[in-house]
Amino acid sequence: MKPILLKLLLLLHVIFDISFTIISLGFYTPGWVFNLDDVFKTFHINDYNYMISPLDFVGLCLFRQVSLLVALIIVRRGKAERLKKYMTIYDLFGILGYMIAVVKLLVFDETSGFLKSPGVFMSVGSAVFLTFSLPFAIRKTLLGKKKEGAEYERLTENTETAANTNVENGTASTNGTASTATPTAATSSTSRSSSTDEEDNDAVSKEEKEKRLPLLTHLWQIVKLCSVQWKWFSAAYVLLFVDCILNLIEPALYSQMMSTAIRMKSFDVLKRACIVLAAVQFTEATVNTVRYICMQYAERLTARNIRVSLFRAILHQDISFFDDNKTGQLMSRITKDSESISNSLPVYIETTVNNSFMLFGSAPIMFYYSWQLAISTFVTFPIILLTTKFYGLIVEKLSEKENDATAVSNETVEEVLSAIRTVRSFAAEKIENMRYTRDTDAWFKISTKTVVFGTFFNYFWATMWNIEDVIIYLYGGYLTLNGRMEPDALLTYIFYHWRLHSALNAFSSLFSDVMKTIGSSRKVIHIMNRQPELDYEFGTETPEIVGNIIFEDVEFAYPTRKNANVLNKINLSIDPGKTIALVGPSGNGKSTLVSLIQQFYTPQSGRILIDGTPIQNIDHLHYHTNIALVAQEPTLFSGTVRENILYGLENGTDEDMMRVAEMANVHEFVSKMEKGYDTKCGEKGVQMSGGQKQRIAIARALIRDPRVLILDEATSALDSESEAMVQEALNRCARERTVLVIAHRLSTVRSADRIAVIEKGNVTEMGNHEELMKNTEGLYYKLVSKQLDPLIGTKKEEEKPPATEFF
Amino acid sequence: MRISCSKSVPFSDLININTGAAGEIVDKNDDEEENRLPLSEHLWEIVKLCGKQWRWFVPAYTLLILDCALNLIEPALYGQMMTNAIQMKSFDIIKRACLLLALIQFSEATCKSACYFFMQYAEKLTARNIRIQLFRSILHQEISFFDENKTGQLVSRITHDSESISNTLPVHIETLVNNLFMFFGSIPIMFCYSWQLTLTSFIEFPITLLMTRYYGLAVEKLSEKENDATAASNETVEEVLSAIRTVRSFAAENFEQKRYTKNTEDWFKISTKTVTLGTIYNYFWALMLRSQDVIRYLYGGYLALNGRMAPEALLTFIFYHWRLHTAINAFSSLFSGVMKTIGLSRKVIHLINRKPQLDYDFGTETPEIQGKIEFEVVEFAYPTRKTVNVINGINLSIESGKTVALVGPSGNGKSTLVSLIQQFYTPQSGRILTDGIPIQNINHQHYHSNIALVAQEPTLFSGTIRENILFGIENGTEEAMLKAAEMANVHEFVSKMDDGYDTKCGEKGVQMSGGQKQRIAIARALIRNPRVLILDEATSALDSESEGMVQEALNKCAKERTVIVIAHRLSTVRKAQKIAVIENGSVKEMGCHDELMENQDGLYYKLVSKQLGSIVDTNIFNCFDMLIFFVLF
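Top line first, the protein sequences correspond to chains A and B. Residue 79 in the UniProt record's numbering sits at position 79 of the first sequence; the count goes up by one each step and never skips. Residue 301 in the UniProt record's numbering sits at position 301 of the second sequence; the count goes up by one each step and never skips.
It is worth saying that the hints were derived from the structure and are not from the lab. Ideal Cβ positions, reconstructed from N, Cα and C, are used throughout, including at glycine. Be aware that a few hints might be false.
Chain B is nowhere near these chain A residues, computed Cβ spacing over 10 Å in every case [what the hints assert, rightly or not]:
| # | residue |
| --- | --- |
| 1 | V70 |
| 2 | L96 |
| 3 | L277 |
| 4 | V308 |
| 5 | I431 |
| 6 | F444 |
| 7 | D575 |
| 8 | L609 |
| 9 | D656 |
Under the rule of at most 20 Å between Cα atoms (straight-line distance), these lysine to aspartate or glutamate pairs were calculated in the EDC-like manner [to be verified]:
| # | chain 1 | residue 1 | chain 2 | residue 2 |
| --- | --- | --- | --- | --- |
| 10 | B | K588 | B | E253 |
| 11 | A | K782 | B | E492 |
| 12 | A | K760 | B | E374 |
Anything over 10 Å on all C-beta distances counts as not near chain B; from chain A, calculated [claimed, not checked]:
| # | residue |
| --- | --- |
| 13 | W32 |
| 14 | S133 |
| 15 | T286 |
| 16 | V451 |
| 17 | V470 |
| 18 | T602 |
| 19 | S689 |
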């Protein structure tokens with residue numbers, strides 16, 4: 001039913017076009033009287049006179065019908081895809097028809113009294129409307145069938161089309177274009193939207209494509225970010241209106257002053273005009289200054305808030321997010337991208353308001369002084385709008401790519417500089433330089449492309465306006481010399497024309513800058529909107545934690561390697577107050593168990609309980625106050641030893657710090673340092689040895705007095721003496737808490753209450769040291785034997801004296 | 001350039017604050033303070049950086065001048081057309097003037113567009129080159145430089161600061177050329193039309209210049225502070241994000257959020273100060289210009305009405321005055337823009353100019369390295385703690401082809417010795433020789449091809465396993481990689497992965513376990529077939545079985561090369577041909593395992609005993625066996 005309705009609509013368009021065009025020919029005499037003779041007179045080719053004959057409109061009608069026929073033939077031959085490519089040509093035809101119609105109106109004005117005929121307006125109006133609506137109608141009827149295939153895709157398409165149309169309608173109405181221009185903008189955005197979709201399929205990853213916001217929604221997000229400071233912005237905009245009003249008064253005053261001087265009028269008139277001008281300008285300067293303060297203050301406040309919000313959003317993400325996103329990229333988002341938002345949008349809004357006011361203020365005044373000149377000024381509007389729109393979309397794409405390229409090179413810089421020792425060790429400076437050069441060249445290539453597009457756009461824009469200027473001066477002078485326009489009026493009109501010119505120039509820059517901002521801010525908005533898959537603010541319960549940890553049928557694979565299960569339905573129970581050791585070959589899941597207990601990731605299936613409560617239900621802060629981790633490679637921050645031990649505690653005391661420092665054997669080496677606990681650790685603790693770092697990390701964990709203590713190879717970098725001292729301290733702590741140990745050293749493992757052997761994500765053996773040693777075929781026995789082998793010689797040597805002595 | 005009737009000064013253009021996040025102001029380094037360049041020299045450095053693209057800038061500026069010349073013709077034509085229209089003269093004159101105007105405008109548009117392209121292209125090219133040069137310069141610095149400068153700050157320099165240079169200076173030069181031409185072109189013409197009116201334009205000029213100068217200097221200082229705040233903030237971000245697991249483990253998100261918020265607050269304060277200063281300056285400027293306008297119209301009208309000036313001349317004069325007006329406006333924003341550029345680029349220029357205290361390009365010799373390493377009375381203290389000697393007059397000789405183990409308590413200088421061999425630092429006194437040659441004389445590339453390090457915490461990069469093993473090698477082969485991987489026992493776990501050697505390691509190898517990382521690092525070292533192999537706790541994260549396999553492979557390699565081992569495990573140390581016990585930066589004991597065990601008062605005996613103490617039960621078990629044997633006998 002619906003397709004038939006659309007075809008009927010198309011047929012109606014054809015009938016209306018032909019009939020109305022011919023009927024309007026009969027009204028080319030004053031008054032609403034249909035004159036059949038005029039219709040026939042129009043078709044007398046020999047009597048054709050461009051100045052008075054409406055035959056041109058018939059030509060336009062014929063042209064439209066032929067175009068439609070061609071489109072029908074193409075579609076009937078099953079080549080709708082080619083027609084889609086030709087739609088741009090149809091848009092250009094629409095613009096051309098519009099220009100012909102408007103110019104024709106001006107030409108008719110040359111004949112005195114001709115505009116009193118209603119036929120003129122009927123012909124011009126219908127020509128403009130029908131010419132613009134033809135591309136639109138073709139899209140809706142002939143190309144609409146292509147979208148009947150995938151319902152999902154069509155839904156997405158419609159959403160984007162609607163969003164783009166809204167944006168374009170806003171832009172078009174902002175520019176004050178005649179309402180008949182709107183369909184062109186809408187149809188253009190439809191065409192562009194299709195093209196954009198195709199590009200998106202190639203460029204953007206699937207997940208991001210699903211979450212990629214339509215243009216209008218995205219822009220609204222940016223507006224919301226900036227509008228948090230609405231009080232300051234409101235004040236700024238109110239003052240901006242005042243400023244605009246004052247600005248609109250000035251051209252008239254200029255004209256009055258100049259005209260007085262040129263016409264040799266009295267000095268009193270000049271004085272009065274100057275006084276008024278001085279008052280207006282002074283007021284304008286004052287208003288502008290106050291507005292500037294409000295705007296800038298709001299802008300900086302917004303920048304501050306965006307950065308803080310973005311940092312908070314990033315901090316909020318789950319750990320797997322950081323597996324996928326490199327640090328350098330995230331840094332780029334926080335500084336460069338967020339800067340684009342805060343610096344750009346308030347200025348764009350200011351420009352929009354300012355110049356919109358100029359446009360809507362100047363346009364009526366210009367029409368008042370001379371509607372003929374005003375019409376000729378707006379003749380070239382549609383073609384400028386169309387070009388600007390294409391350019392804007394291109395700029396958005398390029399801006400996003402440029403920012404991506406910057407993020408990639410930042411990633412390289414960050415990775416190389418933070419691992420400078422490794423780079424230096426392997427003499428890889430040249431290779432890293434080449435890598436960075438390649439990344440920067442990628443950015444350079446995109447930048448160059450942007451420059452090329454900008455160059456052509458600017459050239460086109462300048463040329464169009466130069467043509468406009470010449471037309472105004474030529475036509476205006478002609479009107480004035482013929483006595484149909486007052487010299488003062490012409491002068492005033494020209495000044496308002498310049499004001500309009502500036503406003504439109506500003507819109508031109510504004511549009512590409514806005515698109516640039518949208519491109520730049522895509523990633524920022526995406527991160528801020530991203531909901532972490534594992535939200536650490538989910539849990540709310542704060543039970544007393546005793547330390548009973550249970551894994552029930554837990555399966556887990558890392559997000560970056562979803563097909564490889566690291567844990568395979570593991571079952572493990574850790575009793576409260578006990579020390580349990582996890583041993584096994586490297587890469588078989590021991591540290592993964594710890595990551596899951598730490599809630600860095602969520603298992604694919606199964607549950608992890610502590611004291612019977614699923615761990616995701618427990619309040620984040622409460623949980624990590626009671627469960628502390630000393631990692632395999634502990635990360636220290638660049639502050640002092642004191643700051644590192646007290647890390648994350650807001651009310652830690654020196655007394656607490658000293659106590660745990662003694663326990664972790666930190667005091668032994670810190671006391672030998674010149675600055676003691678105020679010694680700086682260096683970036684990532686680089687100025688501490690491995691053993692020193694581990695001891696500080698142990699102290700940092702102990703200061704929280706956790707109920708569960710996890711030691712993931714926490715003493716591997718300690719010498720035997722230090723390890724013994726720390727182990728003794730840990731053993732004393734272990735009496736009151738659950739301790740989970742991952743280690744390879746027999747000296748660390750053997751004193752555990754229970755030992756679990758982890759292999760391929762499962763527990764293959766369980767028991768204490770003596771029990772496991774009885775199973776000579778088990779993995780534990782093998783691991784221990786390997787460690788004992790080097791001591792066989794020593795053992796044999798020790799055996800000799802007793803034997804000898806016995807004998 | 002179009003005539004703009006708008007009287008409002010474009011404030012946002014005047015103060016185009018390219019600000020970043022704020023933070024605590026970073027303390028200036030001493031050597032930076034000493035090397036701070038005077039203003040003119042600093043500006044010249046920037047010009048040189050941009051001037052390297054002269055092939056593009058020259059045509060750009062040439063076209064710019066042509067554009068200016070065409071622009072200077074337009075006001076006269078405007079005046080002529082308007083006056084003719086107003087005075088009802090003939091249409092032919094208007095037509096002729098319009099034709100000429102159209103021709104000029106077309107030429108102007110062409111010149112302007114071409115100029116824009118050349119300028120922008122040169123600008124982007126300059127940005128590219130500055131970044132690459134800055135990165136190379138930073139990469140060139142000695143390791144202690146990185147102890148003092150945080151990574152986040154350096155990243156900020158390469159992106160944020162260097163962009164400020166390339167984006168701003170060429171534009172400023174363009175503005176300068178453009179408006180100088182307008183200025184010096186308009187003034188003579190204005191003099192011709194009316195010298196009286198022209199003079200009134202310069203009445204307030206000195207006051208304006210004075211105000212601008214004070215403002216410019218203030219902008220420079222504020223811009224530098226803002227950039228410092230940005231770098232400090234970046235440091236916070238980088239540190240927190242790269243250690244996100246630790247932050248999450250300690251539930252320190254709010255803690256870090258507050259820290260970052262405080263940094264941003266600091267930036268905000270500086271920004272607000274800048275805004276206030278800009279506001280005052282702009283208000284003053286706007287008032288001066290507006291008062292000039294009013295005077296101009298009043299006096300000009302007076303002259304015309306008294307018949308002392310032709311109406312057409314007045315109109316034309318006013319148009320040229322607008323050009324002058326625009327030019328002076330541009331100078332105003334130009335000056336503050338330039339000062340801002342100088343402030344922003346201080347740190348960048350400093351980094352580019354900095355000479356490394358230890359230049360890895362210094363050495364040129366490429367001797368055949370056998371592997372004998374000697375320390376002669378070496379003393380060393382870290383640059384960040386100059387008064388504490390970590391190495392105290394150490395003497396140590398490592399024979400070629402031997403395996404030497406360094407043992408001792410944590411933090412007593414073992415890893416420092418390795419850093420010195422690696423040429424990360426320069427000792428305060430003494431010499432380090434390789435085969436009799438001071439190591440600083442040996443070519444950097446050659447040296448590190450023959451001496452390989454597997455560090456205590458090996459750093460992997462975020463590429464694939466294959467890329468990590470082949471790191472730094474430009475023509476590595478698959479065969480060589482597999483051989484090294486087998487030796488390091490990497491193949492054992494890689495073969496179980498879906499993507500095999502194309503598995504990604506994650507940022508800093510975060511997706512590998514500690515043991516896996518160590519094995520990859522060992523493979524990376526072995527692939528170079530080095531004459532000297534340094535293992536700094538290289539197997540501490542391996543389980544016994546893996547360690548056994550790797551140790552066996554390393555033992556085979558050791559037959560042909562010098563091996564330096566730092567470890568705590570007896571199983572690793574015992575096989576060394578020599579063991580040096582390091583304490584307080586000196587060698588306390590030296591010898592093989594058996595020799596050192598005889599000295600029961602020595603540190604080595606104590607360390608080993610502690611490790612053996614853990615198997616007392618085993619000894620008891622052995623005694624029990626002896627008892628049974630006795631009974632049976």
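Hint check results:
{"no.": "1", "hint": "V70", "verdict": "holds, 36 Å"}
{"no.": "2", "hint": "L96", "verdict": "holds, 22 Å"}
{"no.": "3", "hint": "L277", "verdict": "violated, 6 Å"}
{"no.": "4", "hint": "V308", "verdict": "violated, 5 Å"}
{"no.": "5", "hint": "I431", "verdict": "violated, 6 Å"}
{"no.": "6", "hint": "F444", "verdict": "violated, 4 Å"}
{"no.": "7", "hint": "D575", "verdict": "holds, 23 Å"}
{"no.": "8", "hint": "L609", "verdict": "holds, 20 Å"}
{"no.": "9", "hint": "D656", "verdict": "holds, 15 Å"}
{"no.": "10", "hint": "B:K588 / B:E253", "verdict": "violated, 46 Å"}
{"no.": "11", "hint": "A:K782 / B:E492", "verdict": "holds, 18 Å"}
{"no.": "12", "hint": "A:K760 / B:E374", "verdict": "violated, 46 Å"}
{"no.": "13", "hint": "W32", "verdict": "holds, 37 Å"}
{"no.": "14", "hint": "S133", "verdict": "holds, 34 Å"}
{"no.": "15", "hint": "T286", "verdict": "violated, 8 Å"}
{"no.": "16", "hint": "V451", "verdict": "violated, 4 Å"}
{"no.": "17", "hint": "V470", "verdict": "violated, 5 Å"}
{"no.": "18", "hint": "T602", "verdict": "holds, 13 Å"}
{"no.": "19", "hint": "S689", "verdict": "violated, 5 Å"}
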